[in-house]
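Asks: Below, each chain spelled out in residue letters.
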Amino acid sequence: MRIATKLRVMSLLPIALALLVALVTMEAFRRVRASARRSRMANQAVIGVFELNILTYDFLQYRSERARRQWQQRHGSLLSDLAELDYPRPESRERLAELHEGLAELHEGLGELAVIFEELAAHPGEDDLAHEYRTMLAGQLLAKSHALVSLAAQLGAQGEARAAHLQNQAAILIVALVFALAVAVAAASLHIGHTVIRGMARLRQGAETLGTGDLEHRLKVETGDELGELADAFNRMARNLQAITASRDELDREVAEHQRTLRRLEASEERFRSLVANIPGAVYRCACDEQWTMQFISDAIEELSGYPASDFLHNRVRSYSSIIHPEDRPLVAEAVQEGVTTREPYAVEYRIVMADGHERWVYEKGRAVFDQEGGLQWLDGAIFDVNERKEAEQNLRDALAELERSNRELEQFAYVASHDLQEPLRKIRVFGERLETKCADALPAKGRDYLQRMVNAAERMSELIDDLLALSRVTTRGEPFVPVDLERLTAEVLADLEARIEQADARVEVNSLPTIEADPTQMRQLIQNLLSNALKFTRQGVPPVVKVSAELDHDAPAGEVCRLTVQDNGIGFDKRHLDRMFDVFQRLHPRGEYDGTGIGLALCRKIALRHGGRITATSRPGEGSTFIVTLPVRHTGERRKDARSDHDSDGR
Amino acid sequence: MSGPGAIEAALLGAMLAALVLVAPQGCSREEAERISPEPVRLALPLQTPSALAMLAAEEGLFERVGLSVEVTEHVSGKRALAAMLAGEADLATVAEVPIVFSSFERDDFRILAGVGSVTGEHRVVAHRSRGIEQPADLRGKRIATQRASAVHFYLHLFLIKHGISEEDVELVFHDVEELPEALAAGRIDAFCMREPFVSRARELLGPDAVVLGEPGLYFHTDYLVARTDFLRERPEAARAVLRALGRAEEAAGRRPGRTRARIARRLGAEALRAADPPARLRLKVSLDQSLYSSLEAVARWAMETRLVDADEMPDFLELVQADCLDAVQPQAVTIIR
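In the order they appear, the protein sequences are chains A and B. Numbering-wise (my numbering), the first sequence opens with residue 1 and increments by one. Numbering-wise (my numbering), the second sequence opens with residue 1 and increments by one.
Okay, chain A solo, but in the shape it has when bound (with noise of 0.2 angstroms):
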């Protein structure tokens, strides 16, 4: 049993057992109180009784008629209450029985005496029989009230053994009854204080053996009730005591892991400040707003903007929105939502107004960040100062604008200038062709040879103006680009040099040659420019042999290329030189070995650049060369603008 019940049963028992003690005393109460009620009545009997016998012999002492009234009228109370006696007890109702019967002849006995005295009053004077019966009925009445005070003091006394039995009987059943409670309450408060002690002793046992550090150590307490379960419980904790001691390690492991983790996090948290410290443009994170409201952006906003960042966290003071030039703020916005839609980090350059009211490029890169729903939580990115790269650009933009202005201006000089010279030097050598013609004989022959030296000038210089024009044509007079085939192109241009291969005894073979898109006429000036200079620098002895070639890259950076190749076994060159040589008056060889104008290849450059491509060759001295023109297949829409500006300029 639980000790709470126990004590429940413990507080209720005294309640229980003092009812019962009440009930009884109540019972008794009730019995000792009739008792002592039959007890009281009868002495009120006895005590008319003897008031009977007082006036009977008052009657007979004085035959006093207030004696007989009296007695008459304490007769009547008397029979009253004995009527009201009622004794459980068969030897009390015999004797109530025999004191009614006794008051009944007295009362008879009293009325014959009281007629005897009334006729004696009447007629006085009597004979000695008369005296000797009234005598002997006076003797007998005198007898008979005797013997009913004696009845009635027994009747009285059995009322009152009775009644002090009952009280006997009362006092030693609520004694019993008391000392029953008492009992009942000490050895249920003996048993309970035993368990309890018992048990707190086995519980500061344990705790004492628990703190000497035996943690082994259980308590054994199968009571079922609080203490059992205090044992239980002292049991789990000296179990989650032991786990917990023998898990320290661990936890003092785990404990220096994790300080360990932290000192690693505020290492990273240390670099991850000095990186956005220092890193030449501010981190930010802000939400996808109107406002671009930030939600983190580091002290490097301050360097860019002039307004501490503090500002913009959470448009305490200004919003990132408010110092984007009014003019880009929808370009930002398009890029960012761009980001947003795609997924894909967003880049953005623009304006903003510094707190200086100057303005300031700047670089912004970000991502929008999702969460696993695929909602959009913030955007996170930085933004750089690139306000001189700007300038820079700027700046580049003027000078090309300016070089690009400057050379159509020496293009068109040259070119006004080439076209112009063209007369007077025709005209120069059309006089010193008739001057040598009509008056070769007047001259002395030192006069002829410099008439022909000034011929030959007039004759170099006109083709180095050639030359030149064609070099200048290149851009100012270009053709749009259109297919071109190579190989037919190829073809026309060697039919065209028949007579000089036949004269060098030279063999030139050409392979399958691709259609690409290009000027034609610059083509098959660049084709015809490399081919002659093969023929041209042949070694002595040695049969030209040039070979004509061509292959297509489909994986170039740029888109499909072609690379035309031009092989020789010529006289080859230096290496050394092979950056100058496509110089515009570059010339490896004397004018005497070799003629030209040193122009060839500095038009074959600009051929190959104007179409997007480039020229290159390589060789050894005395081995041939091979010039590789790298050339698109294909030209992107600008390329054809660019082309046909050129064009058109040319048109002008």
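One or more hints might be untrue.
Stated by the list, open to error - If the Cβ cut is set under 8 angstroms, some of the chain A residues that face chain B in the computed set are:
1. E51
2. S64
3. R69
4. Q70
5. M461
What the hints assert, rightly or not - To give an idea of the interface, some chain B residues facing chain A are shown, with a C-beta separation under 7 angstroms as derived from the structure:
6. W301
7. V333
8. I336
I should point out that these hints are in silico values taken from the structure, not numbers from a laboratory. These numbers were taken from a predicted model, which means no experiment stands behind them. For every residue, glycine included, the Cβ atom is placed at its ideal position computed from N, Cα and C.
Based on the hints, put chain B in the right spot on chain A.
Replies: Chain B alone, transformed into the frame defined by chain A:
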């Protein structure tokens, strides 16, 4: 109404309301009776069995029960009864002998309760020079007393006890005040009386005074009696008188020494000495069965000696009215009913 005046007015009103509410319950009946005391006239004989009435008057106990008692003192109970029957008083305390004699003649008064009794107080004082040294010497002597009184009855018993009939002496009757002087003057040889007349005679006779007594021979009991008209009209007043006498009895029981000192002061030290030992004086309000025996004994004596001209005994059951004492002290009523 505001300020201190308002508070005072409120307090006054509350006090008046409290008085109105409390007065009916808080004022006891006795207090109410004190407010309008009921006048009662009491004829009081200066004799020790009536000491409770004297004490009640002195202690103001009558006033405490709402009475305003006018006490008229008399030298004997017979005079007190006569005064009451004459309408000079509503109540009186008196011994049974005058009661019995009056009851032969009239039926307009009732016995309410006994108020005290004493024995040994009555004495026969004789003149030594007349040859009287002992009771037997009284034979043939001229003995005076108060007719139809307790001392008269006592003298009757005293003479019987000593074998002397009333025919053997010359019995004469005087006013009680005259008895000591009559003895001293030699007009009588002896007289039967109580204090303070016995002491007066001692003073007058000096060594010639012979005082004879028989303590225990007769218990002189004084009863409170009242006229029937008074009882009929003012029964509550009669009960109040009994209540006051009951309180006097309680006071006397609590402080007997003080009671005796007061009795001595009023009636003389000798009177009290006569009631020595103290058990001889019994101050108690009661009605017991012995009353009838006493009354009938006196009545028989009166009829036999022809002190009254009657052959039939009065109806003493009617003479005793027990309901008043029954209402006040029921335990004090022990007459057989």
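Asks: Look at each hint and say if it fits the structure.
Replies: Comparing the hints with the structure gives:
Here the hint on A:E51 is kept, as its CB sits about 4 angstroms from the closest CB of chain B, short of 8 angstroms. Interface restraint check for A:S64: the shortest CB-CB distance to chain B comes to about 6 angstroms, inside 8 angstroms, so the restraint holds. Given hint, A:R69 at the interface with chain B, holds; its Cβ is 6 angstroms from that chain's nearest Cβ, closer than 8 angstroms. Checking A:Q70 against chain B: minimum C-beta separation of about 5 angstroms stays under 8 angstroms; hint holds.
A hinted interface residue such as A:M461 counts as satisfied when its beta carbon comes closer than 8 angstroms to some beta carbon of chain B; here the least separation is about 137 angstroms, so the hint is violated. A cut of 7 angstroms between beta carbons decides the hint on B:W301: the least distance to chain A is about 12 angstroms, and the hint is violated. Hint on B:V333 is violated. Least Cβ distance to chain A is approximately 13 angstroms, over the 7 angstroms limit. Evaluation of the B:I336 hint against chain A yields a held restraint, the C-beta minimum of about 4 angstroms falling below 7 angstroms.
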